[in-house]
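Asker: Kindly generate the complete structure, drawing on both the sequences and the hints.
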Amino acid sequence: MGLPCGCYNTTYAKDMAILRTKTHWALLIGGLILWFSIPLWSSAYLLHIINYVGILIIATIGLNILTGYCGQFSIGHAAFVGVGGYTSAILTTNYGFPFLGALICAGLMAGLIGMVFGLPALRVKGFYLIMATLAAQFILVYIFGHWDSMTGGALGFHVVAASIGPLVFLNNRSQFYIIMIVLVLGVYFAQNLSRMQLGRAFVAIRDNDLAAEVMGISLWKYKIIAFFIGCFYAGIAGSLYVHWMRSVIPEHFSLLSSIWYCAYLIIGGMGTGVGPFLGVGLVVGLTELLRMGYGAVAGIFPYASVYFAAGNNMLFGLVLILFLIFEPRGLAHRWGILKTSYRLWPFSY
Amino acid sequence: MYQRRAEQLVEIKGLRVEDIYLSFGGIQSLVGVSTEILEREILGIIGPNGAGKTCLLNCINGFYRPQRGKIYWGDEDITHKPSHQIADAGIVRTFQNIELYTGLTVQDNIMAGRHSLIKTNIFLQGIYFGLAHSEEIKHRRAVEEIIDFLELEDARTQVAGSLPYGTRKRVELGRALAAEPRILLLDEPMAGMNVEEKEDVARFIIDIHELRGIPIVLVEHDMGVVMDICDRLCVLDFGNKIAEGIPTEIQANPTVIEAYLGR
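Same order as they appear, the protein sequences are chains A and B. Just so you know, we're using the working numbering here: the first sequence kicks off at 1 and counts up by one. Just so you know, we're using the working numbering here: the second sequence kicks off at 1 and counts up by one.
Keep in mind that the hints were calculated from the coordinates and are not lab data. Beta carbons: idealized from backbone N, C-alpha and C, even for Gly. Be a bit skeptical, because a hint or two may be false.
[Claimed, not checked] In silico DSBU-like cross-links for lysine-lysine, where the CA-CA straight-line distance does not exceed 35 Å:
1. LYS221(A) <-> LYS198(B)
2. LYS81(B) <-> LYS138(B)
3. LYS22(A) <-> LYS138(B)
4. LYS81(B) <-> LYS125(A)
5. LYS70(B) <-> LYS81(B)
6. LYS138(B) <-> LYS14(A)
7. LYS198(B) <-> LYS138(B)
8. LYS70(B) <-> LYS198(B)
9. LYS22(A) <-> LYS125(A)
10. LYS70(B) <-> LYS119(B)
11. LYS138(B) <-> LYS339(A)
12. LYS138(B) <-> LYS221(A)
13. LYS70(B) <-> LYS221(A)
14. LYS14(A) <-> LYS339(A)
15. LYS125(A) <-> LYS70(B)
16. LYS14(A) <-> LYS119(B)
17. LYS119(B) <-> LYS125(A)
18. LYS14(A) <-> LYS81(B)
19. LYS70(B) <-> LYS22(A)
[Claimed, not checked] Counterexamples of contact, computed for chain B against chain A with all Cβ distances above 10 Å:
20. GLN28
21. SER34
22. PRO48
23. GLY113
24. ILE122
25. ILE127
26. PHE149
27. ALA179
28. TYR260
Answerer: This is the structure:
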């Protein structure tokens with residue numbers, strides 16, 4: 001980490017710290033205060049988008065732990081988000097569970113089912129593991145759509161608003177706080193795990209799993225743990241999503257959503273702390289820019305917005321291909337270069 | 001005889017390999033190989049390429065399972081134990097073609113070597129402050145001692161994938177040392193080095209042997225080094241053990257001269 005001039009690490013604790021200088025702390029606390037004050041001044045539409053972004057980031061952090069750190073490719077992530085969503089929806093709407101209990105249960109359920117579908121990871125790697133998780137995607141969505149008694153089948157059902165005690169989270173403003181608090185906690189845990197023994201074990205498995213086994217890292221235990229943690233985050237995100245959307249249908253958790261999660265990770269940067277944030281931010285930001293673009297040309301081409309979905313997919317595909325060719329390490333790498341050049345300017349060394 | 005390992009006193013044990021048969025389909029890698037590494041010695045395993053030296057080390061580590069034969073660690077039969085449990089028991093190795101974790105820094109690679117010794121659970125690691133933090137600092141201290149011993153200070157924060165070959169070899173040795181091994185299996189630690197670098201590595205090996213008091217198995221091709229630092233030698237050729245004894249005996253042994261050393 002680039003420290004400012006004159007700032008030396010004199011203890012191991014200081015060397016390991018993420019928030020090392022007073023400036024770091026000031027930026028974090030200032031940023032958090034600014035961030036949590038957003039509902040007070042933003043428009044309703046912007047708040048809606050920010051809530052959506054928050055939920056996507058939580059799910060992407062889970063995928064980052066699974067794919068970015070541990071190297072277990074998964075193209076079934078949206079299905080695990082769905083498991084969490086349906087669990088939470090069924091528990092709160094049909095059985096009157098308290099929201100926080102349903103949130104935790106959603107995470108645990110998604111984590112457990114993720115562990116089951118992660119068992120092929122013990123035998124296959126890379127492309128073949130993608131096929132195995134693709135099976136998870138299709139099987140789970142099929143169950144969502146056809147288990148009518150539990151999940152309401154293809155039509156889904158309405159979900160009650162989340163409530164903690166007397167507080168009911170009815171609108172985007174209140175939901176902002178619960179989503180962002182869960183996001184902050186999620187980032188805290190993920191960053192800590194990534195720099196401790198667990199994170200090193202995951203990266204060891206990603207980079208050299210044969211050597212990792214011989215060096216004392218039990219492959220099956222840590223791969224299963226990776227699937228559990230990754231899908232736990234997905235389940236939490238799913239629970240927040242259904243209570244934000246106030247309805248749950250199988251289409252929300254399709255294969256296309258899974259591919260979007262992978263794309264957020266590739267664009268943001270796999271195996272980095274800021275990757276999920278940058279990836280989701282860029283893709284959702286581009287989508288909104290495109291929407292505004294279509295709105296702007298509505299005067300000239302009144303029926304252009306019909307092609308919004310197609311235009312969105314084309315732009316998204318183009319951005320993904322450009323990133324894979326020119327910056328496979330994602331925006332996080334570019335951000336690191338930007339920070340280093342700012343620190344070193346005008347010197348190039 | 002006892003040594004200190006991870007703040008506990010453990011018995012120093014020797015390794016015994018009994019009658020190992022290993023074959024891959026029709027290829028016989030090891031044919032009835034038996035040898036013993038006593039506590040307190042440096043055993044050199046030499047032989048031409050393809051003799052089965054690395055296969056023998058892989059069998060000890062549980063990476064290959066021999067079709068017949070047994071491997072004893074002290075009195076314990078470890079032939080069919082899973083690899084990570086063998087590593088937990090203190091049997092640690094380095095690799096001939098360096099197998100570092102290319103995405104981690106040198107410091108993290110060596111910390112990863114301490115995996116078996118870190119005992120906090122995942123939940124405590126997620127919370128970080130408290131038990132996990134203090135344990136991490138404790139292990140970091142041990143890693144810094146290894147970095148100091150192997151003179152890796154300037155490479156500390158470099159990503160392992162970007163290091164030159166000689167430095168990678170030292171990081172590999174550091175990672176093996178970090179696990180506080182009870183026996184060290186070194187697979188060609190001096191491959192691809194010039195005389196000066198070989199002297200450095202030889203010095204490291206002798207220091208490790210004297211400071212930790214552990215047995216060391218050295219697979220090597222450089223006869224000068226092997227004859228100098230090994231207490232005993234074991235010679236393999238096409239999977240058979242053709243000689244075993246002290247270096248001066250091996251040098252004079254006609255079978256060994258025929259097969260490997262040359263006239």
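Asker: None of the hints should be skipped; say for each whether it holds.
Answerer: Tested hints:
| no. | hint | in the structure |
| --- | --- | --- |
| 1 | LYS221(A) <-> LYS198(B) | violated, 39 Å |
| 2 | LYS81(B) <-> LYS138(B) | holds, 30 Å |
| 3 | LYS22(A) <-> LYS138(B) | holds, 26 Å |
| 4 | LYS81(B) <-> LYS125(A) | holds, 23 Å |
| 5 | LYS70(B) <-> LYS81(B) | holds, 11 Å |
| 6 | LYS138(B) <-> LYS14(A) | holds, 14 Å |
| 7 | LYS198(B) <-> LYS138(B) | holds, 32 Å |
| 8 | LYS70(B) <-> LYS198(B) | holds, 34 Å |
| 9 | LYS22(A) <-> LYS125(A) | violated, 44 Å |
| 10 | LYS70(B) <-> LYS119(B) | holds, 31 Å |
| 11 | LYS138(B) <-> LYS339(A) | holds, 31 Å |
| 12 | LYS138(B) <-> LYS221(A) | holds, 25 Å |
| 13 | LYS70(B) <-> LYS221(A) | holds, 27 Å |
| 14 | LYS14(A) <-> LYS339(A) | holds, 21 Å |
| 15 | LYS125(A) <-> LYS70(B) | holds, 31 Å |
| 16 | LYS14(A) <-> LYS119(B) | holds, 22 Å |
| 17 | LYS119(B) <-> LYS125(A) | holds, 28 Å |
| 18 | LYS14(A) <-> LYS81(B) | violated, 40 Å |
| 19 | LYS70(B) <-> LYS22(A) | violated, 60 Å |
| 20 | GLN28 | holds, 23 Å |
| 21 | SER34 | holds, 23 Å |
| 22 | PRO48 | holds, 25 Å |
| 23 | GLY113 | violated, 6 Å |
| 24 | ILE122 | violated, 6 Å |
| 25 | ILE127 | violated, 7 Å |
| 26 | PHE149 | holds, 17 Å |
| 27 | ALA179 | violated, 6 Å |
| 28 | TYR260 | holds, 28 Å |
The structure shown violates the earlier hints numbered 1, 9, 18, 19, 23, 24, 25, 27.
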